[in-house]
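Peer 1: Here are the chains, one letter per residue:
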Amino acid sequence: MSLGGLLDGPPAVVAAGVEVFSGALRAQGASVADVDWRPPTIGDPADLTALALDPRRAAANRTAVERVLAAGSVLTDVRPARETLGLEGRVLLHSGPPLTWEAASGPMRGALIGACLFEGWASTVEEAEALLASGGVTLDPCHHHSAVGPMAGVTSPSMWTWCLEDPVNGGTAYCNLNEGLGKVLRMGAFNEEVLTRLAWMRDVLGPLLSRAVRSMAEPLDVKSVLAQMLQMGDEGHNRNRAGSLMTLRELSPAIVALDAPSAETAAALAFIGGNEHFFLNLGMPTAKLAMDAARDVPGSTMVTVMARNGTEFGVQTAGTGDRWFTGPAQTPVGLFLGDYGPEDANPDIGDSAIMETYGVGGFSMAAAPAIVRFVGGSVPDALATTERMYQLTLAENPAMAIPILGFRGAPTGIDVLSVARTGWLPQINTGMAGRVAGTGQVGAGLVQPPRECFEQALAALAQEARAAA
Amino acid sequence: MSAPGPGEGVRHVSLRSGVYADSVRLMQVSRDVGAREGVIAVLVAMATPLNVDLAAGMGFTPDRTPSPDQLLIAVRAVDDDVLAAAVAAVDAALAERERSRASADAQPARTIAAGLDDLEGDGPALAIVSVPGQYAALEAADAIAAGRSVLVFSDGVPVEQEVALKRAAHEAGVLVMGPDCGTAIVSGVALGFANVVRPGPVGVVAASGTGAQQVSCLLDAAGVGVSHVLGVGGRDLSEAVGGLATLDALSALDADPATERVLVVSKPPAPSVAEAVARAAAGLSTPVRSAALSPETPDLTAAVEALLGDLGLDVPIWPSRPGPAEAALPGAVLKGLYSGGTLADEAMLIAAPVLGDVRSNTPLRPELDLGTDLSAAGHVVVDFGDDALTVGRAHPMIDPTLRLEAIARLAASGEPAVLLLDVVLGHGADADPAAALAPALTAARAQAHLPVVVALVGTEADPQGWSRQADALAAAGAAVFASNAAATRYALDLLGASR
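If you read the protein sequences in the order shown, they are chains A and B.
As numbered in UniProt numbering, the first sequence has no gaps in its residue numbers, which increase by one up to the final residue, 469.
As numbered in UniProt numbering, the second sequence has no gaps in its residue numbers, which increase by one up to the final residue, 499.
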C-alpha cells in the first residue's frame, strides 16, 4: 500500500481548525493552506456526519453528476401541451412545488386567470377567479410532467410546447414558448394585449415552428447553443441574447422554406428576433433533461430541482426521488423597471432556477459581465459568486466553459451537504414579477433559496442513509 | 526531409456532438498535437462548411455529413500507435482547462474538499483536521473522498465514526491518522504535536501521541533518525477499531524505501488486535518491533534500547539533570500529574508492581477509577490530556492551567508525596513550558517538602530546546530525565520503594 504517495516527499497540507498547527507547519517551511472553517449552520451535525460517512454517497454523487454532464439536448418537435403533457380537460400546469389557488401569489393568480380566459373556460376575470376558487381547474406543477415553465410557468392545453430529447440518457422534456418581455402571462399579466399575443402564438407561431422543426434535416443541438452562449456574454437565465439570435439563425431557413404567407413568416421572424429571452424556454428544458437524468440515485445528495411558485421555494434531490422540500420563497434584491420599487416585487417565482441547478444562470454569472449591473451587482461580485458556487458543486461541466475563468467548466451539481457546510446558499439570477396580479415584470435581481429547503432535504437524506445502513 | 504527401500514413476522422470550444482553443489543440513526433497532420475544429472543406483539402473526409454544431477531429500519423496516442492527446487537451484565477478574487476554502482543490505544490497532499469533534468526520471524509490521507487531531470523535472513516480510507488506499493522537512526522514535516528529530531509518507507527514523541526523541538522542511517524489514533488497537490504520500504516512503511525498521508504539492494546498486528508484522519484509505497553512490557525506553540493539548500536546514557540530594520518603505517595496519556500509562505500569494499586482518571483497571476527585489521597496518576478534561479547553501541552492548580493544591494538602510530571516539547506545544512550571514548582517546594521528578520529552532541536528547559526545571529543584521510565523509577527510589 502506498497511501497515495503519502510517504514520497514532504506533504503539502490543508488544515481546518486550530491555527497553532498551521503556524508550526509554516515555521518548518511546509506548504500549508488554511481552510476558512466554520461550524455548519444548516442541519443537525449528526445528520451531516451520517451523510458524509454514507459509503454509498461518493459513488452515488459521481453517478448522478456524470449523468448530468453526459446529458444532451436536441429539439425534436413542437406540439400542443394537450398532447405532450397529457392535459385533458381543465388542467393548468404551474411553476414550482404544488400549489393551491388560495396560496397562490398575485402573479400566479394573474397567469392562471389569463390562461382560463385564453382557453375560453371563462369570459371575464371574475368568472375565471370564481372557477379557480371553486376548484374547477386542476393545478399541477410543470415538474410533475417532465416540463418546466419560466416565472408563473402556467401552461394550458392549447399552448405549444418545445419537445426536447436527451439522445444520451433517453429522456424528454417540454416547455412552452416564450412570449417576450413586459406585459406577459408568465409575469402575471392577462390583459387584451397578452391574450391576443397568446392567440397568435397558438394560431400562427406554433404551427410554423412545428412544421419548421419537423422539416430540419438535423435536429437543433440545443446544448451546443447553450455552451456557445456562455462564450458570448450570456449566462442562460437572465441573459439569453446570443442564444436567442443563434436560435433565430438556426430556425429561420426552415421557417422561410415553409412557403407560408410572407406576412406570417415575417411576423414570426420579427417576434423571435425581437425577444431576447426566446432561448430561455429552450435552455430550461435542456437543463431539465440533464437534471432528470440524475433522478433516483439512492445515496446521492445532489439537488435535481430548484423551483419556485411565487409562494414557496421547492427543492428535490437525486437521493429522495420526487419528494419536495419547501420553504417560503424569498423576494429578490436587484434593480427595478420604471418607477417600480421593492414593495412592488413578488416573492421568487418560476422553474427557471433549473438553470442554476444545472450550473449556469447565477452559478455562471462570471460568464455574463454585461448583465451584472442589471441585477444589481458588479463584475467582481459576479466572479466571486461563481467562485463560491464551485464549493457547493460536485463537478465542473467541461461543455459549459466560462471564458474569464480560463475556460473553467461551470460549477455543476449542487451538493446539499456542501451547502450546509459552507453556509453559502445557491445564487439564483432571476426576473421579478409584480406582486399584484396583472402587473407584469417589475425588475430583475438576485435571490437565494430559503434555508428550510436544505434543512428538510438533509434530514430526509440522513434518514434514508441510516435506513440503508 | 520531404513533406509526406496527402496519401501517406494512417488516418482518424471522427465527429463529436455536444462538445463546443472556441476556435482559438481548437487551433491551440491542433497545433500542440500536430507538434507530436510522427503526427503528419491534425485538424480539430467545429465542423463548419469552411472547416470541412479544409479537412477535405488535407485528405480527410468524414463518413457522414457533419453539422456545424459538431466537433471534427481529423488526425493523420505515421502508424497506428502514434495515431491512437495523438487522438488521446486531443481528448486530453480538450478536457484540460486553464485554472487561471488571476482575475477573480479567490474565495476562501470553507471545507477540506475545497482546500484540497485549491492546493498548489508538488508534494503529496495531506489534510489536518482539528475542528470540534462532532464535525471532524465531515472534514476528514472530504480528504478520503479526494484520495488523500488525513490527520484528525480532534478528540471527541465517536468511535463508530472513526471506524467508518478508517474503513473508507482503507478502501480508498489512504490513511486516517488519529483521532485523538495528534502526532505525525511525514518525510520530516512535523504535524500536530511532534518533535524536531533527525531523518533516519526507523518508521514509527503509534497508537499513542506522547508515546511516539518519547520513542522518536530517545532515538534522536541515540543518534538514530526516523523516516516517518504515523500516529494512528489512541483507539486504533482497541477491539472496536481493530487496528485498521495500524495495519495500513505498517504496509505503507514496509513499501517505503526510506524505512528499514518499524517500531509500533501503543497503550495496552486489545489482545486479539495485538495478535492480528503481530501476524501482519511477521508477513512484512521490514523487521517490526513492538513497543506496546503491557504489564509484561511496561517500558518504552526498554523498547527503544532493544531496537538500538537490533541496529547494532550501543545504548547511550539518556540525558538527565540530577535533582537536589533529597532523602527518601518512606510512606509518602506517588502523585503523577501528566499531560501525555501514554506516559501516564507507562508510569502506572512501572509503579504498580512496586507500589500496589495506583488510582487514576485513566486507570489500568476500572476499579481504580478516580472519578472526578483528582486530588484524592494515595498513589494517584492523573492524565490531564484525557478527553473529559479537555472539553472546552486546549490540550495541557498548550494550556497548563489545570495542572498548575493541581500542583498548588498538592503542596497545600500536606500529604507527603513525590511529584512526577511530564513536560512534552516540540511543534504545537507550549513555546516555553518551564516559564510557568518552574515558578510553580519553586512555590510548591517552598510550602511543602515535595521532591519533583520530571520526564522531559523533547530534543535539542525542538523550538523550546531540551537543555534550556531541563536547566530551568532543575534550577527549580526538579530532577529531569529524557526517559519517562527512568523518571518514574527515580520517583520510586525517592519513595523508598524497593524494585
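Note that these hints are calculated values from the structure, not bench results.
Keep in mind the model is a prediction, meaning the values are calculated, not measured.
Ideal placement from N, C-alpha and C gives every residue a C-beta, glycine not left out.
Some clues are possibly wrong.
Using C-beta positions, here's what the derived DEER-type ranges look like [said to hold, decoys possible]:
| hint | chain 1 | residue 1 | chain 2 | residue 2 | range |
| --- | --- | --- | --- | --- | --- |
| 1 | B | Thr442 | A | Ser2 | 48 to 54 angstroms |
| 2 | B | Val159 | A | Ser2 | 23 to 29 angstroms |
| 3 | B | Arg64 | A | Phe374 | 26 to 32 angstroms |
Sample of chain A residues at the chain B side, in silico, Cβ under 7 angstroms [claimed, not checked]:
| hint | residue |
| --- | --- |
| 4 | Gly4 |
| 5 | Ala33 |
| 6 | Asp221 |
| 7 | Leu245 |
| 8 | Asn275 |
Stretch-level coverage of chain A by chain B, calculated; a stretch enters the list once three of its residues show a Cβ under 8 angstroms from a Cβ in chain B [to be verified]:
| hint | segment |
| --- | --- |
| 9 | 124–132 |
| 10 | 420–430 |
| 11 | 441–453 |
Peer 1: Taking the hints in turn, state whether each one holds.
Peer 2: Now for the hints, and whether the structure bears them out:
1. Distance hint check for Thr442/B and Ser2/A: the Cβ-Cβ separation is about 52 angstroms, which falls inside the suggested range of 48 to 54 angstroms.
2. For the hinted restraint 23 to 29 angstroms between Val159/B and Ser2/A, the CB-CB distance of approximately 27 angstroms keeps it satisfied.
3. In this structure the supplied range 26 to 32 angstroms is violated for Arg64/B paired with Phe374/A, their Cβ-Cβ distance being about 43 angstroms.
4. Against a cut-off of 7 angstroms between C-beta atoms, the interface hint on Gly4/A holds, since the closest Cβ of chain B lies about 5 angstroms away.
5. Nearest Cβ of chain B to the Cβ of Ala33/A: about 5 angstroms, under the 7 angstroms cut. The hint holds.
6. At its closest, the beta carbon of Asp221/A sits 4 angstroms from a beta carbon of chain B; the interface hint therefore holds under the 7 angstroms criterion.
7. Here the hint on Leu245/A is broken, as its CB sits about 15 angstroms from the closest CB of chain B, past 7 angstroms.
8. With a cut of 7 angstroms, the hint placing Asn275/A at the interface with chain B is violated, because the nearest CB-to-CB distance is about 22 angstroms.
9. With 0 residues having a beta carbon nearer than 8 angstroms to a beta carbon of chain B, the segment 124–132 of chain A misses the requirement of three or more and the stated coverage is violated.
10. Counting residues of the segment 420–430 of chain A whose beta carbon lies closer than 8 angstroms to any beta carbon of chain B gives 4, which reaches the threshold of three, so the coverage claim holds.
11. Check on the segment 441–453 of chain A: 0 of its residues sit with their Cβ under 8 angstroms from a Cβ of chain B, so the three-residue criterion for coverage is violated.
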